[in-house]
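> One letter stands for each residue in the lines below.
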Amino acid sequence: MSDELENKSGYQAQSSETVNEYSGSAVGDVDYVRPAEVSDQDLYHGHSFITKWVFCQDAKVIGVQYFLTAVFTGIVGLILSWLMRLQLGFPGLAGFMTAEHYYQFVTMHGMIMVVYFLTALFLGGFGNYLIPLMVGARDMVFPYVNMISFWMFFVAVAVLMASFFVPGGPTGSGWTLYPPQAILEGTPGSGAGILLMLISLSLFVIGFTMGGLNYLITVLQARTRGMTLMRMPLTVWGIFTATVLAMLAFPALLVSSIMMTLDKVLETSFFMPTIIKAGEVLGYGGGSPILFQHLFWFFGHPEVYIVALPAFGIVSDLISVHSRKNIFGYRMMVWAIVGIGALSFFVWAHHMYVSGMNPWFGFFFATTTLIIAVPTAMKVYNWILTLWRGNIRINTVMLWCLGFIVTFVNGGITGIFLGNVSVDVPLSDTYFVVAHFHMVMGIAPLMVIMGAVYHWFPLVAGRILDEGLGKWHFWITFLGAYSIYFPMHYLGFIGVPRRYFEMYDSPYMTSGVGLNEFISLAAFIVGAAQFILIYNIIKTLKTGKLAGKNPWQANSLEWQTSTVPPEHGNFGEKLPVVHRWPYDFSVPGAKDDFIPQTVPPSEVIDTEVEKT
Amino acid sequence: MHAGIVFFLVILGSVLFHIFTPWYWTDIASNWGGMDDTITLTFWVGGGVFVAVCLFMTYCIFKFSYKEGRKAEYKPEDKKLERILTWATTIGVVALLAPGLIIWNQYVNVPKNALEVDVMAWQWGWQYRLPGEDGKLGTTKVININDNNPFGINTDDPYGQDDVIIQSDVLNLKTNRPVKILLRSVDVLHNWYVPQFRAKMDAVPGVVTFYWFEPNKVGEYEVLCAEYCGVGHYAMRGTVIVQDEQNYNQWLSEQETFSEFVAKLDKLEIEEKKIVKKINLN
Numbered sequence: 001m002s003d004e005l006e007n008k009s010g011y012q013a014q015s016s017e018t019v020n021e022y023s024g025s026a027v028g029d030v031d032y033v034r035p036a037e038v039s040d041q042d043l044y045h046g047h048s049f050i051t052k053w054v055f056c057q058d059a060k061v062i063g064v065q066y067f068l069t070a071v072f073t074g075i076v077g078l079i080l081s082w083l084m085r086l087q088l089g090f091p092g093l094a095g096f097m098t099a100e101h102y103y104q105f106v107t108m109h110g111m112i113m114v115v116y117f118l119t120a121l122f123l124g125g126f127g128n129y130l131i132p133l134m135v136g137a138r139d140m141v142f143p144y145v146n147m148i149s150f151w152m153f154f155v156a157v158a159v160l161m162a163s164f165f166v167p168g169g170p171t172g173s174g175w176t177l178y179p180p181q182a183i184l185e186g187t188p189g190s191g192a193g194i195l196l197m198l199i200s201l202s203l204f205v206i207g208f209t210m211g212g213l214n215y216l217i218t219v220l221q222a223r224t225r226g227m228t229l230m231r232m233p234l235t236v237w238g239i240f241t242a243t244v245l246a247m248l249a250f251p252a253l254l255v256s257s258i259m260m261t262l263d264k265v266l267e268t269s270f271f272m273p274t275i276i277k278a279g280e281v282l283g284y285g286g287g288s289p290i291l292f293q294h295l296f297w298f299f300g301h302p303e304v305y306i307v308a309l310p311a312f313g314i315v316s317d318l319i320s321v322h323s324r325k326n327i328f329g330y331r332m333m334v335w336a337i338v339g340i341g342a343l344s345f346f347v348w349a350h351h352m353y354v355s356g357m358n359p360w361f362g363f364f365f366a367t368t369t370l371i372i373a374v375p376t377a378m379k380v381y382n383w384i385l386t387l388w389r390g391n392i393r394i395n396t397v398m399l400w401c402l403g404f405i406v407t408f409v410n411g412g413i414t415g416i417f418l419g420n421v422s423v424d425v426p427l428s429d430t431y432f433v434v435a436h437f438h439m440v441m442g443i444a445p446l447m448v449i450m451g452a453v454y455h456w457f458p459l460v461a462g463r464i465l466d467e468g469l470g471k472w473h474f475w476i477t478f479l480g481a482y483s484i485y486f487p488m489h490y491l492g493f494i495g496v497p498r499r500y501f502e503m504y505d506s507p508y509m510t511s512g513v514g515l516n517e518f519i520s521l522a523a524f525i526v527g528a529a530q531f532i533l534i535y536n537i538i539k540t541l542k543t544g545k546l547a548g549k550n551p552w553q554a555n556s557l558e559w560q561t562s563t564v565p566p567e568h569g570n571f572g573e574k575l576p577v578v579h580r581w582p583y584d585f586s587v588p589g590a591k592d593d594f595i596p597q598t599v600p601p602s603e604v605i606d607t608e609v610e611k612t
Numbered sequence: 613m614h615a616g617i618v619f620f621l622v623i624l625g626s627v628l629f630h631i632f633t634p635w636y637w638t639d640i641a642s643n644w645g646g647m648d649d650t651i652t653l654t655f656w657v658g659g660g661v662f663v664a665v666c667l668f669m670t671y672c673i674f675k676f677s678y679k680e681g682r683k684a685e686y687k688p689e690d691k692k693l694e695r696i697l698t699w700a701t702t703i704g705v706v707a708l709l710a711p712g713l714i715i716w717n718q719y720v721n722v723p724k725n726a727l728e729v730d731v732m733a734w735q736w737g738w739q740y741r742l743p744g745e746d747g748k749l750g751t752t753k754v755i756n757i758n759d760n761n762p763f764g765i766n767t768d769d770p771y772g773q774d775d776v777i778i779q780s781d782v783l784n785l786k787t788n789r790p791v792k793i794l795l796r797s798v799d800v801l802h803n804w805y806v807p808q809f810r811a812k813m814d815a816v817p818g819v820v821t822f823y824w825f826e827p828n829k830v831g832e833y834e835v836l837c838a839e840y841c842g843v844g845h846y847a848m849r850g851t852v853i854v855q856d857e858q859n860y861n862q863w864l865s866e867q868e869t870f871s872e873f874v875a876k877l878d879k880l881e882i883e884e885k886k887i888v889k890k891i892n893l894n
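Chain order of the listed sequences is A and B. Residue 271 in the numbering used here sits at position 271 of the first sequence, with consecutive numbering throughout. Count along the second sequence from 1, add 612, and you get the number used in the numbering used here.
Hints listed in this document are in silico derivations from the structure and should not be mistaken for laboratory results. Every residue gets a Cβ at the ideal spot worked out from N, C-alpha and C, and that includes glycine.
Derived list of chain A stretches under chain B, where covered just means 3 residues or more per stretch with a C-beta under 8 Å from a C-beta of chain B: (1) 94-107; (2) 181-191; (3) 277-284; (4) 355-362; (5) 369-379; (6) 411-425; (7) 576-587.
Derived PhoX-like pairs: lysine-lysine, alpha-carbon spacing no greater than 25 Å straight-line: (8) B:Lys679 with A:Lys471; (9) B:Lys675 with A:Lys471; (10) A:Lys549 with B:Lys683; (11) A:Lys611 with B:Lys683.
Each pair of labels, with its calculated beta carbon distance range: (12) A:Thr607 with B:Ile617: 31 to 39 Å; (13) B:Val819 with A:Pro251: 25 to 33 Å; (14) A:Trp472 with B:Arg695: 41 to 49 Å; (15) B:Val830 with A:Trp475: 45 to 53 Å; (16) B:Arg695 with A:Gln553: 27 to 35 Å; (17) B:Val830 with A:Trp472: 50 to 58 Å.
Chain A on its own, in the form it takes in the complex (with noise of 0.2 Å):
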């Protein structure tokens, strides 16, 4: 690593002049900016393999990295889920299928997906390459730490699959880690799994708090001039808020992992009471399996939001995009964004009306989860206002939007039933909470990504996925997904409690067999289409349609670019400097149907911009 600090594109200069051209003309000037108050650093080029494609200090690079690592997890929690669905749907058919097993599958199918799939893809991945792109910035403003936050996911990536392979197999506990059976014989891997677990976390949360100061620090600080917090894109008010979330509601997750692992290793009592194992009192006593639960939650909660909020940012911006106009409500998007984010940490004891906690929380925390129903209606409003006199494509971004609607609504309503505390009681722990997160916080986000993933390959790789194959990619897994998911809240219903190995001939079930086989045929389904994706990549990398400069006609900072895919450094010689809010669509006056961010007032002087 011999490569030296050098001045390659010579834009250290440039600050000093672009405050000489400005200066003693602000009045009166429409394309006045205010000058940059620091001038322009240059960042370190990695000449190497290993500095440019290893440990790489470029975000667009690690957030590929972290993108493959994440697809990487998520295609392991996809084929859990195959198994799980075997076992449900036809049990006894795969003979080495015992209820260790399963419990195992359902466990890690849990944390990879939530954690090491979602918000690694989210944040990690998206994060990385979009914000410094989005908000005119040459690379995150640390970017070494930025490379050690990735390779600090990979290790925990890699300590979380090796807990297949150790004694005992990974942890079967459920992915929210309950004690006392966590660490208790009974459960499967409660030996070296657990334990495994608990580090990996633990290192997840360490590398991610390096990975999200530099978000934050990112969209604070490192802006271009211009650039003011409301004209920031959706997208990057999304991924910010909920890196303010992860910075506050990991670290909860972090101490009860510590403190889970020393009632593990050091016999202390943090979560653990007197407890009686096949007569012998163990050494335990005086812990409280309920304050994990709180402490799980404090985290477990935002941690949805944490998924949610840049799903929620990126959508909006990609219908504004394909719609041919401004996001609709723009001011309340941005506070409903961190209104939602601000009251998810006031409503985590949801998920435990029935956990014995004293039943007089169940009135606060009811009242503040339906008061979140608000704002995220806002949203729902807005995005379909936004389509209302659009010119909308309806090209395969687009319809992954409308599947996030269409599941998100039918999922954020489902959550209205779990939220309000008494109707929960008959329905928790029953597959109706098993089809309703899938649906909301499974499935929708899972459905932005996609759209995101043919709106930005573009950008990434210089070239179009095929529209056809990515439209028959939808279609199998919108309906899939909605028919798995759909049917599966009237199991509960019936009933049907979820992490159940088997049901037996119970009576609550006889009805439920042949619903159970289809949901686990249609999952088989849905998980073979994604390899329609994989497909789709590597045919366009290929032979696909070269994308050229802003394909999709967009405003936002990323299509602005010196070179596609863009080089490290992003912007070539000059930073962009930023004249309005990337919503310019289909402005009154204006020759074509957008505006990019950069164009100055005097470029469009006939048309009726609204001042943003």
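Chain B: place on chain A using the hints.
Quick look at chain B alone, frame taken from chain A:
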């Protein structure tokens, strides 16, 4: 255009599925019909919003699909519309929350005449204890539990001696008498759940949790553990038999009290000792 048709069919299919579904509530057998009613109400309000939003979206797909040369409307905000939508949503949310909280208030306030039942859970099974003639359950401690004291009853507590102990996973209840379930666990989390009663609560080691319901239909019901408790979770079942007063009293009189259980054990022990003595003598 095709996309709009498919989305429309998805919405229509969802509504038809809900109307004609063969999979719905297991028939209720307790007083918590209010929970079902609140769910039905939420279905009407929430389902209405779902259909309205999705139909509006579908309409937009048909009406505003891309046409070369047409320009979208440019209207960043509409304060009045946003205000109307905010208030309408707030009113809807309050209308759903209010009945939810009213029923929760009933759920956490146990009627005075409720019969207390101690439900003790372990990996992986249930056993039950009912108050004796004094109408009160004796106090317990986990560390008291052993073969001679399967419920861990404090032996110096006079209320505990006449407690009726049921070392089986079959519990009998009588109709139209509220039951307060007191949940204990000796090892990990469990949850005593009968779908027909709608109610549930976790059993947490170290504390006693509770909930109540009033069974109102004679019958035999399966108990399910509803909180994951390790590898035997799915097999942790039990049975509740709800009977009329006469049959219930009959069943109750056949059960053993704690003091009877201890006396029986003592007798067994004395007999065992006698046998041992005999063997030694021989």
